[in-house]
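Kindly generate the complete structure, drawing on both the sequences and the hints.
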Amino acid sequence: MSNHSDEDRLNLLKTSGSPKPSEAARRRALEAAMLAFDAEQEKVVRAPQGNPIIDRLRSIFASQKGKWIMDNRLAYGLGTAALALFLLPLGYQLYTSTAITPIKLPGVIPTTVATPEPELTAPADKTDSGGAASMDAPVVVENFANGIASMRAAKPAGEAGQLRDEEAAVGLAAPEAAPPMQSLAAIPAPADAMMAQPTEPSGDQFSTFTESPVKIVKNEPVSTFSIDVDTASYAYVRKTLTEGWVPEPDAVRIEELVNYFDYDYPAPTDASTPFKPNVSVYPTPWNARTQIVQIGIKGYVPAATEKKPSNLVFLIDTSGSMDEPDKLPLLKRAFALLVDRMGAEDTISIVAYAGSAGVVLEPTKGTDKARILSALDNLSAGGSTAGAEGIELAYRLAEQNKVKDGVNRVILATDGDFNVGIDDPEALKTFIKGKRDGGVFLSVLGFGQGNLGDDTMQALAQNGNGNASYIDSFKEAQKVLVADAGGTLETIAKDVKIQVEFNPAVVSEYRLIGYETRALNREDFNNDKVDAGEIGAGTTVTALYEITPVGSGAALNDALRYEQGGTAAATPVAANEIGYLKLRYKLPDGDTSRLVEEPISADLAVGDVAQASADSRFAAAVAAFGQKLRGSNYGDMSWDAIRALAQGARGPDQNGYRAEFVQLIDLARTLVPDSRG
Amino acid sequence: MTPELIDSGVLAAPVADETLIARAIGGDRRAFAELIERHYDFIFRTACKWCGKVSDAEDVAQEVCVKLASVLKSFDGRSAFTSWLYRVTLNAVRDMQRARSRRGRNADRYAEVAPDEYLPDQEDSAAAKELWQAVRRLPEQQRDAVLLIYAEGMSHAEAGGIMGCKEATVSWHVHEAKKTLRGLL
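These protein sequence lines map, in sequence, to chains X and U.
Counting from -11, one number per residue, gives the positions in the first sequence under the numbering used here.
Counting from 1171, one number per residue, gives the positions in the second sequence under the numbering used here.
Mimicking EDC-like on lysine to aspartate or glutamate, the simulated pairs with C-alpha atoms at most 20 angstroms apart in a straight line are:
(1) K1348(U) - D(-6)(X)
(2) K8(X) - D1229(U)
(3) K1348(U) - E1322(U)
(4) K2(X) - E1328(U)
(5) K1349(U) - D(-4)(X)
(6) K8(X) - E1207(U)
(7) K1299(U) - E(-5)(X)
(8) K1349(U) - E(-5)(X)
(9) K1348(U) - D(-4)(X)
(10) K1299(U) - D(-6)(X)
(11) K1348(U) - E(-5)(X)
(12) K2(X) - E1322(U)
Worth flagging that the hints you see were computed from the coordinates, not collected in a lab.
As structure tokens, this is what we get:
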């Protein structure tokens, strides 16, 4: 064969066939693989979810074993910061170039096989022993993911910058004499300050949004939005701050912070007009030249005798990741609270999904507490997250036991695993929407951190006429499921929309604080097909506008040089009206909306913040807190000033929520110090 | 308004590897089983070519299947799944052979002439048989390069992707292999 060329000779290799594997060997291999798979799942279940990197690092740096005295959080923070330095450019490239969109169901296929850059991972490269074969590969992958996470936190900074530029383009110059609503140039680049801080390194998913900008009344006199009764954002912010992190800006939804607290608005007296708006106007605490218009709504509180029968189906995530003290065990105690309130009229069923899937408790009378509680107690997290038909099953049970004129609701409790049996997020929304129209509503309770699909929670709850709450502690469970149970469970009006038309003769500019994710088009207001927020029994909803009165000198935009007084014909009749408030809602079983309207009189305005009610001052303090935490372009107040404002506005504060808020301000101050001293 | 319910219990229609992988990583047992089922033959065949012995190939294939349970999550979808699988398999082959060489040369020698040695098809020439044996005795990287390119018909770039080295390095290994083989054959 020496006369063959090397090449020809080697080509002989191609022609050989290969033998068939024996069936027995094949079966053996499969069985062994499945055993290993099950063992692996168990390991995954036990591994803490929160900080994979530290765990990895710890096991890699064997020398550090046994003397790991550093606080995890600190190390994690440092690690994240260091990683961010390395991975930011790469992370950014990824963020922009691949389809890692934050609004995706976690665990759904495309996100898991997202494709990063080439040379980073080397799967199964180091081969010292079989088991540890590719130990280093996952580390790289996870570091990478973290790079993306920090990138996500950093992204809004860019957007904020952009926004500033845009506004500058619209009209920069403020009258020399007066400070504008917020002097833009003087803002101490809040986003940069945030970056240096330990930003929440979680795998939690939030919808991104851009703060609503200042609008010119002449150009855009009408502002329309849907109410939002969710409070998840506040509980989440509280949890992250308490643990020593600054929440990512997109996790801070100001309207949810404000709405976390109860305000003492006068309540309507009967269910036929489920609520009435309360409006107050007072000077802005962070800018004496502008004013806050506060619109408050309180839902009708049914008398105890009117308590409606409830048909509740708990849909509980029992995937392995729920096996942490602040997840399933907390959930059990939380639901036990709710069960305690149930009576003979009520039925409760429990469906588990992921892990031990199926009906855990057939519909059971509320009086049979022992049975319900023991079923609840027997739930255990573990096993795979394979989707069963959890959600379908839950809705089927709810429909079978539907009570007319009662509360029919599926309560989904999860740490972010929405693998409930319908893989496609859109299909899931459609499904929930369809069921909502059939009269079964959905509430979502979020637990734990690290995997929380906040964006999905919000989307599902919104589509299901429900609310999304984040349960970070037993106290919060108590608030959501007992103190506010009426509001959480019993809807008194749905598709509640607010529209405010500002009077250009009185107001030159306005800005809606928060509600970015709830903005509606002007024409949506009168369109009953457009879905909007629901309001529960006794719930209060608050919306704040910052307005710039005409002639205050605080306008951000210059007057137009060529505009004539020619539009005078359209000048409104009432010169003492700031604007006109319209509110639309439907009764829970109604299809046509009703309209409530009233003018916002300039006479309502008080001259000094101190003259405003405690509720008003407190709401403003919460808004200022949220703006500062978000690194907003508006509302620059020192932490001290915010604290003083909140402290002085605590009111009776029966359950201590407001006092707790004051403590949160202190925490935030240490994490994000005032950059201007 | 009929949402697609995907029952993980029924994998009737052919599901893409990527889907199975994602599900398996998510903890879906059936998806993992299906994935292994689907690729067992590929793993076995590859192991067979590299080891040259059916019993060794079966051991390696089983080892790879077991390993997949833990390393599957490090598959990132950047390369084709089969390329990645090549790599895992070749690593397993190498692990086995290294372990064996530690156990002693004699056992190794014995193994080479064991009766279940994988022989190319009957009609294959004696030259081919001789060649296979020679190639399997090459240093690891030369052997991998030669087998990936000539037995598996890959380009030098593809082989580099699997071996974790540059295209030029692959070419160099092949060049070295040819030199070595000239001495052996």
